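Novice: Below, each chain spelled out in residue letters.
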Amino acid sequence: MRIAIGLPSTVPGATAHSLLTWAHRADAGPFSSAAVLDRVAYDSYDPFITLAAVAGVTNRLRLATNIAIGPLRNTALLAKSVTSLHTLAGGRLTLGLAVGARREDYDAVGADFRDRGRLIEQQLRTLRQGKESIGTPGAMPHEGPRLMVGGSSDEVFARMARLADGYMHGGGPPRALARAAEKARAAWEDAGRPGLPEIWGQAYFALGDDDIITAGATYLKSYYAFVGPFAERIAAGLLTSPQAIAQLLRGYEDAGCDEVALYPTSGSPEQLDRLMDALAKLGVSREPAS
Amino acid sequence: MRIIVLGGGPAGLYAALLIKKSQPAAMITVYERNPAGATYGFGVVFSDRTLAAFQEADARSYKAITESFVLWDAIDIRYRDTMMRCGGHVIAGIARQRLLGILQGRCRELGVELVFEHEIADLSELPPHDLLIGADGLNGLTRRVYEAELEPRIVLGHAKYIWLGTDKLLDAFTFIFRENEHGLFQVHAYPFAGERGTFIVECAEDVWERAGLARATEAESLAYCERLFAPDLAGAQLFSNRSGWMSFPTLTTRHWHTGNVVLLGDAIHTAHFSIGSGTKLAMEDAIALARVLEQQPSLPQALADYQLTRQPVVQTLQAAAAESRVYFENMKRYLRLDPPQFAFQLLTRSGRVTYDDLRTRDAGFVRQTDLAYTQASGAPVASALALDEPISTPLHIAGLTLPNRVAALAEVATDGHHGLPGPGFEADFVAAAQAGPALLLASPVAVSAAGRVSVVDAGLYADEHIAAWKGLATQARAAGATAVGIVLSHAGRRGAAHAPSLGDMPLPAGSAWPLLAPSAIAYEAGSQTPREMSEPDMAQIIAELVAATKGALQAGADVLGLHMAHGFLLGSFLSPLSNRRGDSFGGDIQRRLRFPLEALDAVRSEWPSERPLLVALNVTDCAHGGVDPAEAVIMARALREHGADMLWALAGHTVAGATPPYGAGFLTRLSDQLRNDSGVPVMVGGHLTNANAINTVLAAGRADLCIASRAMIRDATAQLAPRQRAEGLMEQNGRPVGHRVKREVIA
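Chains as they are written, first to last, in my numbering: chain H, 1 to 290; chain W, 1001 to 1747.
To be clear, the hints were calculated from the coordinates, so they are not data collected in a lab.
Computed from a predicted model, the values in this text were never measured in an experiment.
Treat the hints loosely; a few may be bogus.
[Said to hold, decoys possible] Stretches of chain H that chain W covers, calculated by requiring three or more beta carbons in the stretch to come under 8 Å of a beta carbon on chain W:
#1 47-61
#2 182-191
#3 223-232
[Claimed, not checked] Label-pair distances were calculated between CB atoms; the ranges are:
#4 H:GLY237 with W:VAL1353: 27 to 35 Å
#5 H:GLU155 with W:ALA1053: 32 to 40 Å
#6 H:ALA236 with W:ARG1477: 36 to 44 Å
#7 H:ALA236 with W:LEU1156: 40 to 48 Å
#8 W:ARG1254 with H:ALA236: 24 to 32 Å
#9 H:GLU253 with W:GLN1301: 35 to 43 Å
Don't be surprised by glycine CBs; every beta carbon is placed ideally from N, CA and C.
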């Protein structure tokens, strides 16, 4: 199982310097990708612009949206951003798309929440055409971005199997990931796709003293306030020790996860050090993942 | 805070006592229209998990409740005058009256005001209050008053049931099935206190009409049931308590609160009695409500949190209850099963209990099932000491005997070229064979170049293809597969697509080939509109199918399949969504069947009768206006009459994106319906990932043959790899026999 580093692009107050430092240092670490989340109506950076900047300070890491909310964006402009970013990054983009769950993000951009299912299908089709789609950079690599789909409704798995390369899970205990992965594999096989779908997981961490942990939990409760009391459960899943990280990685790997993104709950680069220490203790090499 | 609770059932009393406990300053009054000691209904059941929540919420009432429990661990199934007993299930029952007594006592102890025999006819009669809790049941006043705000919906079940009591000494949760001249009746009975038990009788509506129960008085109904179940009651009596025949009302409510009014229990949701959860849900609602009121100082926010927390949980349980209700409504379907299989089917109906679970609970019960399964398969029982599990039991179809019940599906579209299976395909095919499936299937295999889904699809329409399949079949048998099958298909309007490694994407206009279909309707927006087939086109397709059948015979295939599912050409004739023809090949089910049956007749006349012919059929299109299971059963019978030996149950893909909800075993409910309603043997896949899942499907009679998931096949191949590798190397002059093995050599 590969480990992706989440960037603090949705942690309120994260500076440009801290974001790019994270990415630059992670490029030399044991991570396979740098991943970002997407919110509109929240103190955060745009995922595509962030990854474009990250592309400039990294050489090796793949760049992943985990996920970007497709239907908030115009399809043609989304395709333009995606193919440009993929080209500028030398073919390193993994594009996770989903419809998201936050009504207020749709209201903020004036997008139609009810039309989100149709829109994302159209976007996946357009992106799937790769170089065949209109107006892509001439220098775009032959292989397009890896397309991933996130979400939890029944339609998501059929959509993933028809139009994407894999599934991005939204976080939770290993059992939840295992169940979702099972749905993804069932859909994949039913659609006659060869091999197995790629499966991504994600989790949040806060390593250090009680203040850091409390701040991490407070951030998660604010970020997920829209889900009501469930935010408490998400905050309770925060990984606050190397032991908790070890258990999650083990559980996810057993559940058939191919790559897990670990997200910080603070923009301080010191969190990256602590994570790399923890991973080193788990036997994950400090050297770049091959 | 001034709180009024309408309804003194378990929901209202429990909410009152828990809120009073956490907020002693709150003034709480419960209004109940009946006297304190009166109750309707008999016993209530709880699982151990529910009890843990009670203990946490209020230890005192928990203690009193558990002290009054009747506990039992067995489920008895009486069917065809035999009794199957399965132990190891922990269930607890209590008399409803006793439960209410405990909760009333606890309310008084804490200072909740209880007002009995006080019917509220109008909410304006109520004294001033800050919060109104509607716990007044299914037909309660609160929901009726706020109907517009709460948006309730009631759906009635198709069966009729009556809630009775009995003095029969029950020592287990008991299901009884009895057929008489009017039809099938079933009983759900369980003990709850001393010498009393709950005895619910249920039957289909037409049976109820025929039995004259629609017009029967309460006493006549009671007498009818006593007569019918006399062998089971063995002298005991049935009692009624204002009992009448009802259709089960399933209530769902969109909003659970409005202003300062909040509802709980039966007033906002009901769940079919067969999963025994009404009281459990109501009391869990009360726990959640008391908790949010304690934690959240703002009342509107607290009520919003209550709904956010509880509604998803209740919806999940209501979905399970709905499935269970439909299951019992269709019980007649399973009357062809012998008693052990019938009992196994019943105990695993929810999909949450498996073969291994039952073996842990009651090994003896599972041994009985295994024995009956082996005997039914016609295999000799060599020793009762070492019984085979259903998965290892042989299956006879036509003249073929498969040594076990596992089929494997090879990935066909890997690297074909002009329909010729390439080396990648060969490697996959042989690797799958190494796992040792009884039947290795290649599907779909195109009958013409134009009949391929994508350019990399394998076909069977040229001499070189026949030679290639012959080689593949020989290799597969040598590697471990008992029989090899080829499923012939024409893609129809789903053709001219990109390689499946890319997903479901049509080829650009420049490289696409023209498509044929029953009607000129594109598979989805943006894909090519096919040409409506003429009769010469149909003759051409049949000629291609016949030629491919001869090819499959020459190639030495043991089983031939015909693909009539997933929106491919023959399947698209069957579905009204893709077949809009006005001639004799479209319209009602018989007309839509006409061309697929002609194709089957032509193929069957070429294919030797001792070799099985398999037909892939959609049990449902998963789309409004498409094929549904009832229609699929009619099709199944017709296909059987025209020579199909076995059906392969599939679903969806007739319309792009329309599929069943995915998950482990997602097709087995459909295969169950197809097999048991039509009586035709059925093969099913749908992501069966381990032997336990397959044993569960087989033992319950949901299918006769199971397709193992790709991951299960790979795991099995990997386990066998060291031995197979050595043999393979010897047999094939050092040529590695599969990419899986190759990878391991590299590793």
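Novice: Next, verify each hint and record whether it holds.
Specialist: Hints, verified against the model:
By the rule of at least three residues with a Cβ nearer than 8 Å to a Cβ of chain W, the coverage given for the region 47-61 of chain H is violated, with 0 such residues. Counting residues of the region 182-191 of chain H whose beta-carbon sits less than 8 Å from any beta-carbon of chain W gives 9, enough to reach three: the coverage restraint holds. Interface restraint, the region 223-232 of chain H with chain W: holds (4 residues with C-beta to C-beta distance below 8 Å; minimum three). Range check, GLY237 of chain H to VAL1353 of chain W: about 29 Å between beta-carbon atoms, so the 27 to 35 Å window is met.
About 33 Å separates the C-beta atoms of GLU155 of chain H and ALA1053 of chain W, a value consistent with the hinted range of 32 to 40 Å. The supplied range of 36 to 44 Å is broken by ALA236 of chain H and ARG1477 of chain W, whose beta-carbon atoms lie about 55 Å from each other. Between ALA236 of chain H and LEU1156 of chain W the CB atoms are about 41 Å apart, so this pair conforms to the stated range of 40 to 48 Å. Between ARG1254 of chain W and ALA236 of chain H, the C-beta spacing of about 29 Å keeps the proposed range 24 to 32 Å intact.
Against the hinted window of 35 to 43 Å, the Cβ-Cβ separation of GLU253 of chain H and GLN1301 of chain W comes to about 40 Å, which satisfies the hint.
Consistency note: the structure conflicts with the earlier hints numbered 1 and 6.
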